[in-house]
Each structure stands twice: as C-alpha cells, then as structure tokens.
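A.B. asks: Whenever a hint applies, use it, and build me the whole structure from the sequences.
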Amino acid sequence: MPHRPPRGLSLLSPVLILAVWEALARGHLIDTRFFPAPSAILGATWATAQTGELWSNLRISLARIGVGFALGALPAIALGILMGLIPWIRLTCMPVVSAIYPIPKSAILPLIMLIFGIGELSKWVFIAIGVFFPVLINSMVGVLTIDRIYLDVGRNYGARGLNFLLTIALPGALPVVFAGIKLGLGLALILVVIAEIVASRAGLGFLIWNAWQIFDVEKLYTGLIVIGVLGYLSSEAIDAVERVVVPWRKA
Amino acid sequence: MTDGPKISIRGLRKAFATRFGPVEALGSLDLDVPEGELCVLVGPSGCGKSTLLRILAGLETETAGTVEIRHGRDRKALTAMVFQEPSALPWLTVRSNVAYGLRMQGVDAGSRESVATRYIEKVGLARFARAYPHQLSGGMKQRVSVARAFASDPEILLMDEPFGSLDELTRLTLQGELLRLFEETGKTILFVTHSIDEALTLGDRVVVMSQAPGRILSIIDVPFPRPRRAIELRKNPEYGRHVARIWDLLGIDRERHAASPA
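Sequence order for the protein chains is A and B.
The first sequence stops at residue 250 when you use numbering that gives the first Met the number 0, and every number in between is there.
The second sequence stops at residue 261 when you use numbering that gives the first Met the number 0, and every number in between is there.
Hint data in this document are derived by calculation from the structure and do not stem from the laboratory.
From a predicted model like this one, the values you see are computed outputs, not experimental measurements.
Cβ coordinates follow ideal geometry from the N, Cα and C atoms, glycine included.
Be aware that one or more of the hints could be misleading.
Label-pair distances were calculated between CB atoms; the ranges are [as the list claims (entries may be wrong)]:
| hint | chain 1 | residue 1 | chain 2 | residue 2 | range |
| --- | --- | --- | --- | --- | --- |
| 1 | B | GLU59 | A | LEU165 | 44 to 54 Å |
| 2 | B | ASP29 | A | PRO86 | 30 to 40 Å |
| 3 | A | CYS92 | B | THR60 | 26 to 36 Å |
| 4 | A | ASN162 | B | ARG117 | 18 to 28 Å |
| 5 | B | HIS193 | A | ILE88 | 34 to 44 Å |
| 6 | B | PRO236 | A | LEU161 | 25 to 35 Å |
| 7 | B | GLY137 | A | ARG242 | 22 to 32 Å |
| 8 | A | SER55 | B | GLY137 | 51 to 61 Å |
A short, non-exhaustive set of chain A residues, derived as facing chain B with CB atoms under 8 Å [what the hints assert, rightly or not]:
| hint | residue |
| --- | --- |
| 9 | ILE148 |
| 10 | TYR149 |
| 11 | VAL152 |
| 12 | ASN155 |
| 13 | TYR156 |
| 14 | GLY157 |
| 15 | ALA158 |
| 16 | ASN162 |
| 17 | PRO170 |
| 18 | TRP247 |
Some residues of chain B that are not near chain A, with every Cβ distance over 10 Å (derived) [unchecked claim]:
| hint | residue |
| --- | --- |
| 19 | GLY20 |
| 20 | ALA56 |
| 21 | HIS70 |
| 22 | ARG72 |
| 23 | GLU182 |
| 24 | PRO212 |
C.D. replies: Pasting the structure below:
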C-alpha cells in the first residue's frame with residue numbers, strides 16, 4: 000500500500016520560505032528596504048487593520064468587484080446561453096465578440112473613463128466588460144457541448160421554449176458556466192486594482208499605489224497579501240456555491 | 000374497441016445528405032402496429048431501425064411517406080423514447096428524472112411525484128430515488144430511462160436497443176422487468192434490437208429488416224403465451240426453430256447482396 004503523505008506537507012514550503020526570508024532580513028543579508036522581514040510586514044498589516052484603513056479600502060474594492068461582476072456576468076450568462084441555443088444569434092454576435100475579446104481590458108480604461116467619468120460607474124463598467132467575455136464564451140460553449148442525447152430527451156419529452164431552457168440548456172451548461180465565472184472573478188480582481196491605481200482615492204489598488212508613493216514598503220506588501228487572500232477566498236467561495244448549485248457534478 | 004392500428008407507417012423513406020451525396024437509410028417501409036402490441040424490429044446495423052424510431056419520436060423528419068400515431072381520447076404525449084446510451088438527465092435526481100415527462104406535460108408536482116414513486120418501485124430503485132445518475136450503475140441508469148418512459152404514459156413507447164450496452168445478466172433481468180411492465184400496462188411498444196434472443200423473448204411480432212436501405216423482409220408472429228419468463232422460453236423447442244428461421248432470413252438477405260453485381 001502506498002504511503003499517504005502527511006497532511007501538513009503543503010504547508011512546509013511556504014513556512015520554510017518565510018523562515019529563511021525572516022532570517023535573511025534579520026541578518027541584514029537582504030536589503031530590508033525592498034524585502035522587509037515577514038514579521039515587520041505582519042506588524043504593518045496589523046496596524047493598517049487597527050486604524051481601519053485596511054477595512055475601508057477592502058470594503059470599497061469588494062463593492063466595486065461585486066457590482067461590476069454582477070453587471071458583467073448576468074447578461075453574459077443569458078446571452079451566452081442564447082448564443083449556444085440559437086444559431087442565428089451566435090452567428091450575429093460572434094464576429095463582434097471575437098473582435099473585442101482580445102483587446103487588453105487595461106487598454107479600454109482611458110476610453111471608459113472618458114465616457115463614464117472617473118467615479119464608481121467607470122469602475123463598474125470596466126470590471127463588467129472584463130468579466131463579460133469569459134463568462135459569455137463559457138456559457139455558449141457550455142450549451143454547445145451538452146451531450147446530444149440530453150437535447151433529444153428534452154425534445155422527445157416535449158420540452159419547448161422556456162421549459163427547454165430551464166430544464167435542459169441551463170443545467171446542462173452550468174458546469175462550464177462555472178468555469179467561466181471563476182475566470183471572470185479572477186479577472187475582476189485584476190481589473191479593480193488597475194482601475195484603483197489609475198484613478199481612485201480609495202480601494203486596495205489605491206492602498207498599494209499610495210504606499211509606493213510614500214515609500215511605505217511594508218504597507219505595499221500588506222496590499223499584496225490582502226489581494227492574494229481575497230483571490231484565494233473568492234475561488235473557495237465559488238467552489239462552495241458550485242457544490243450547492245451543481246450537486247450532480249462528480250466530486 | 001379499436002378503430003385501426005395504433006401506429007400506421009406508409010411508404011416511409013428517409014435519406015440523409017452526406018458529403019458523398021444522399022444516402023438512403025430507409026427504403027419504402029409499410030407497417031401497422033395494433034394497440035397493445037410489443038413489436039420488435041431486428042436487422043443488421045445501419046438498416047434504419049433507429050432512424051424509424053427517431054422519426055416516430057419527432058427527432059428526425061421523413062423524406063417521404065407518412066407515420067401516424069392514433070391518439071386516445073385524452074391528450075397524452077405521443078411518444079416516449081428509451082435510448083441505447085444512458086439518457087437519464089445528470090442534473091436531476093432519479094425521482095425527478097422519472098417525473099420529467101409528466102412535468103413537461105404540465106402535470107402538477109403532487110401527482111407526478113406519486114406516479115414517479117410508483118414506477119421507481121416497479122423497477123426496484125426505491126432506495127435510490129434521491130440519487131443522481133452518476134451514482135448509479137449502467138443497468139440502474141437504464142431502469143431510470145425505462146421508468147421515465149412508462150411514467151410519462153405516452154400513446155406509444157419507443158425503445159432503441161435499450162439493453163444493448165448491458166452485460167448479459169443485467170440484460171436478462173431488465174428484459175424480465177420490461178415484460179412485467181408491458182404485461183401490466185398493456186402499452187404499445189416498438190422495440191429495436193440486434194439480438195434475436197431479445198426479439199423472441201419480448202415480442203408479439205418480430206419484424207425482420209434488410210440491410211440499408213431498410214425494408215421489411217418478413218414479419219414473424221411469436222407464438223409464446225404471456226406472461227413469459229425469459230429463461231423458460233429458451234427451453235421451448237419452438238424457440239430454437241424461430242431463432243434459426245430469423246437467422247435464415249437475415250442470412251439469405253446477405254447472400255443475395257453478395258451475389259448481386261456491384
């Protein structure tokens with residue numbers, strides 16, 4: 000019987016790296032202006048949390064992600080599923096999608112600020128556009144890759160129109176739709192930081208940019224850590240939602 | 000009691016467009032199936048048996064000819080099909096799968112649940128009513144499809160090699176269950192198979208079809224009384240004679256094809 004690796008193994012490498020980093024920083028073997036000791040970063044993070052600076056910025060970024068994500072993902076799921084189901088909608092929309100999708104979203108930001116100003120609205124739109132495309136394409140592909148036999152079952156048992164959409168197309172596409180949602184959420188995190196670095200007086204992106212401007216390196220690391228944790232937690236949250244919404248998926 | 004056959008097929012032809020031009024799947028086919036009959040189609044692969052079922056199920060359209068399924072007094076669904084490959088919807092539990100046809104007919108939740116429960120019990124899946132298809136074996140998935148077809152109570156049932164991909168033991172068990180359901184409900188069933196044994200075990204009549212484009216070579220009345228037991232049938236000397244006769248019919252057809260100049 001093969002040996003089960005001990006449970007804590009995945010913690011070993013990060014702990015080791017942090018320990019070496021701490022030792023090197025304390026021994027001044029690395030430049031602590033760029034690489035402050037992990038303990039110092041932790042201290043700075045604690046202080047930022049204590050003053051409420053961390054939470055207010057985090058809250059603002061989360062709100063922007065939430066609104067932007069919803070604005071992008073919901074229409075994307077609806078249109079994507081229709082594109083998967085109805086050939087003429089797919090053929091009509093696909094050239095436009097293929098033309099806009101590859102443009103780096105950061106390149107669109109100036110135009111968005113021009114049109115929507117530099118307030119919250121432009122952040123929402125920016126994130127929404129970024130989220131829209133991966134969710135749209137995955138929703139469409141989700142429908143197109145439904146096993147033909149299930150479409151036959153729906154048709155044979157008389158599922159038409161909305162019934163077909165709700166009992167065959169949507170549930171059949173859902174596992175792939177979720178893959179798109181995961182991609183979209185990752186992108187939303189990137190875009191919110193970009194938008195806040197470029198044009199905002201608040202949010203995690205601003206926290207990082209501001210720390211750079213005042214050369215507060217520990218706080219800069221704080222921003223990075225919080226974004227990393229946020230990314231991890233959001234992906235875990237999506238997985239948890241998926242387990243509830245897609246219970247038929249093999250574990 | 001009846002006014003004409005339940006299923007009436009006249010001059011049915013089907014051709015598929017392919018890269019190499021149209022390919023005829025069904026030659027001109029005429030067939031009547033009376034109400035309450037279990038009619039089995041056997042024939043070589045690609046003889047158009049499945050195409051015929053798919054036309055009746057409304058999943059393909061005929062190239063020429065007509066198919067007619069006579070409606071009873073109440074407006075039921077016309078057909079319910081059991082496919083060869085597993086077709087239980089992965090996103091529904093066993094219970095919801097079996098109730099699916101009734102749900103599409105607009106039957107209220109309470110009555111369709113009770114009908115579904117009854118058929119789930121009939122196919123021995125009561126313990127798995129809340130399971131999802133991926134948690135079931137191949138034989139159990141086919142039971143779900145069979146239960147779903149019966150539960151939706153259509154005018155006719157269409158079965159396209161439903162037990163074709165199962166092991167011999169499971170297949171015999173499911174044939175037994177189907178015999179019981181058929182004998183209980185008296186539904187009209189059109190059943191497609193490759194297996195001559197299966198055809199003789201289940202059918203009231205066996206329609207022997209030629210190679211593509213499929214035409215009817217012969218229709219054999221199966222004399223065995225019901226209720227039938229699959230294993231008991233095999234011991235009947237009549238059984239072997241019928242098997243041999245169907246083999247002959249299929250073999251003669253093959254020789255004639257081989258003899259005809261290309």
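A.B. asks: Now look at each hint and say whether the structure bears it out.
C.D. replies: Right, here's what the structure says about each hint:
no., hint, result
1, B/GLU59 with A/LEU165: 44 to 54 Å, "violated, 25 Å"
2, B/ASP29 with A/PRO86: 30 to 40 Å, "holds, 36 Å"
3, A/CYS92 with B/THR60: 26 to 36 Å, "holds, 29 Å"
4, A/ASN162 with B/ARG117: 18 to 28 Å, "holds, 24 Å"
5, B/HIS193 with A/ILE88: 34 to 44 Å, "holds, 41 Å"
6, B/PRO236 with A/LEU161: 25 to 35 Å, "violated, 58 Å"
7, B/GLY137 with A/ARG242: 22 to 32 Å, "holds, 26 Å"
8, A/SER55 with B/GLY137: 51 to 61 Å, "holds, 58 Å"
9, ILE148, "holds, 5 Å"
10, TYR149, "holds, 6 Å"
11, VAL152, "holds, 5 Å"
12, ASN155, "holds, 5 Å"
13, TYR156, "holds, 5 Å"
14, GLY157, "holds, 4 Å"
15, ALA158, "holds, 5 Å"
16, ASN162, "holds, 6 Å"
17, PRO170, "holds, 4 Å"
18, TRP247, "holds, 4 Å"
19, GLY20, "holds, 24 Å"
20, ALA56, "violated, 5 Å"
21, HIS70, "holds, 14 Å"
22, ARG72, "holds, 19 Å"
23, GLU182, "holds, 24 Å"
24, PRO212, "holds, 23 Å"
Against the hints set out earlier in the document, violations occur for numbers 1, 6 and 20.
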